[in-house]
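Note that the sequence shown covers residues 1 to 307 in our numbering.
Mixed in with the good hints there might be a few duds.
[Said to hold, decoys possible] Quick list of in silico lysine-lysine cross-link-like pairs, DSS-like style, CA-CA up to 27 Å:
id, residue 1, residue 2
1, LYS257, LYS187
2, LYS211, LYS257
3, LYS236, LYS31
4, LYS160, LYS120
If you're looking for bench data, these hints aren't it; they were derived computationally from the structure.
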Amino acid sequence: MAPRANWKGFLRLSLVTCPVALYPATSESEKISFNQLNRQTGHRIKYLKVDADTGDEVPNEDIVKGYELDKGQYIEVTKDELEEIALESTRTIEIDEFVDKSDIDPRYLIRPYYLRPDGKVGHDAFAVIRETIREMDKVAIGRVVLTNREHIIALEPLDKGLVGTLLRYPYEVRSEQEYFDEIQDVKVTKDMLDLARHIVNQKAGRFEPEKFEDHYETALIDLINQKRAGKPITPKERPASTNVVDLMEALRRSVGKEAAPAKAAKSGKKPRKASSGQKEMLMPIEGKKPKETAAKKPAAKPQRKSA
Numbered sequence: 001m002a003p004r005a006n007w008k009g010f011l012r013l014s015l016v017t018c019p020v021a022l023y024p025a026t027s028e029s030e031k032i033s034f035n036q037l038n039r040q041t042g043h044r045i046k047y048l049k050v051d052a053d054t055g056d057e058v059p060n061e062d063i064v065k066g067y068e069l070d071k072g073q074y075i076e077v078t079k080d081e082l083e084e085i086a087l088e089s090t091r092t093i094e095i096d097e098f099v100d101k102s103d104i105d106p107r108y109l110i111r112p113y114y115l116r117p118d119g120k121v122g123h124d125a126f127a128v129i130r131e132t133i134r135e136m137d138k139v140a141i142g143r144v145v146l147t148n149r150e151h152i153i154a155l156e157p158l159d160k161g162l163v164g165t166l167l168r169y170p171y172e173v174r175s176e177q178e179y180f181d182e183i184q185d186v187k188v189t190k191d192m193l194d195l196a197r198h199i200v201n202q203k204a205g206r207f208e209p210e211k212f213e214d215h216y217e218t219a220l221i222d223l224i225n226q227k228r229a230g231k232p233i234t235p236k237e238r239p240a241s242t243n244v245v246d247l248m249e250a251l252r253r254s255v256g257k258e259a260a261p262a263k264a265a266k267s268g269k270k271p272r273k274a275s276s277g278q279k280e281m282l283m284p285i286e287g288k289k290p291k292e293t294a295a296k297k298p299a300a301k302p303q304r305k306s307a
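Start from the sequences and build out the full structure, keeping to the hints where you can.
This is the structure in structure tokens:
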């Protein structure tokens with residue numbers, strides 16, 4: 001099934017316009033999720049919207065938005081009033097400027113989206129905008145309205161499409177000074193830096209996301225499989241912490257510690273890669289076939305086997 005777009009509209013660079021669709025570039029649907037249960041009955045917990053004072057359940061049509069001015073004092077805002085102030089640019093991503101990628105502070109990054117032409121028209125205009133951004137080696141900064149709020153979006157080429165990353169506004173980013181002011185000024189010696197650089201060189205590599213495994217997710221899958229199989233759950237032993245007070249001694253030990261894994265890597269043994277679909281590691285439910293088996297099931301009705 002084709003992915004469903006979060007937003008559809010137009011991408012505009014001056015007088016060049018093309019219809020586009022916006023899709024989420026990330027997903028957490030593969031992660032293990034839990035429901036809350038009543039320990040006594042095993043039934044799921046259901047949340048109701050109730051009046052805070054009377055305790056009575058309130059139907060959705062009677063629920064409105066309100067801004068709290070003071071304790072228990074609210075200004076009611078209706079849906080019609082919110083629609084009246086809705087921004088006109090709800091269906092257009094207007095490119096305002098082009099900047100260097102290094103100019104964008106990582107703290108302003110929120111989440112990535114994929115942008116592609118919507119339908120069979122506009123591919124030429126889309127390609128012109130995409131290749132112009134690529135050729136100039138810049139990031140296009142525009143605005144997009146999602147869930148009635150206007151967001152800054154940074155666009156850059158990726159293969160045949162564009163990646164659009166939502167950005168925060170300055171008022172959403174906290175100043176580092178309130179956290180860093182009390183950090184002591186420490187003079188780091190050349191010997192310490194030399195040892196630390198040696199450790200960095202031993203651990204140097206390329207960022208390859210596929211070689212990382214979500215160990216907590218894997219542990220959750222193992223826990224669920226063990227409980228389904230009726231096996232006893234025994235807590236694992238925690239590794240003992242090493243108490244090294246001398247910083248130089250800690251650096252020297254680290255150099256020796258990192259040298260061993262480096263030699264093991266040269267032996268040709270590849271690191272274990274994370275599964276592309278973690279939930280596939282779960283045991284199949286009794287009476288059902290795994291997704292992969294179901295996908296390969298022939299269209300024709302299978303013949304019944306005799307006992």
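Note to self: Does LYS187 sit within 27 Å of LYS257, going by the straight-line distance between their CA atoms?
What the structure shows: holds, 25 Å
Note to self: Check the hint pairing LYS236 with LYS31 against an upper bound of 27 Å on the C-alpha distance.
What the structure shows: Holds: LYS236 and LYS31 sit about 22 Å apart, inside 27 Å.
Notebook entry, point to check: Are the Cα atoms of LYS160 and LYS120 separated by 27 Å or less?
Noted result: holds, 15 Å
Notebook entry, point to check: Would the pair LYS211 and LYS257 pass a check requiring their Cα atoms to be no farther apart than 27 Å?
Noted result: holds, 21 Å
Every hint from the earlier list agrees with this structure, and none is contradicted.
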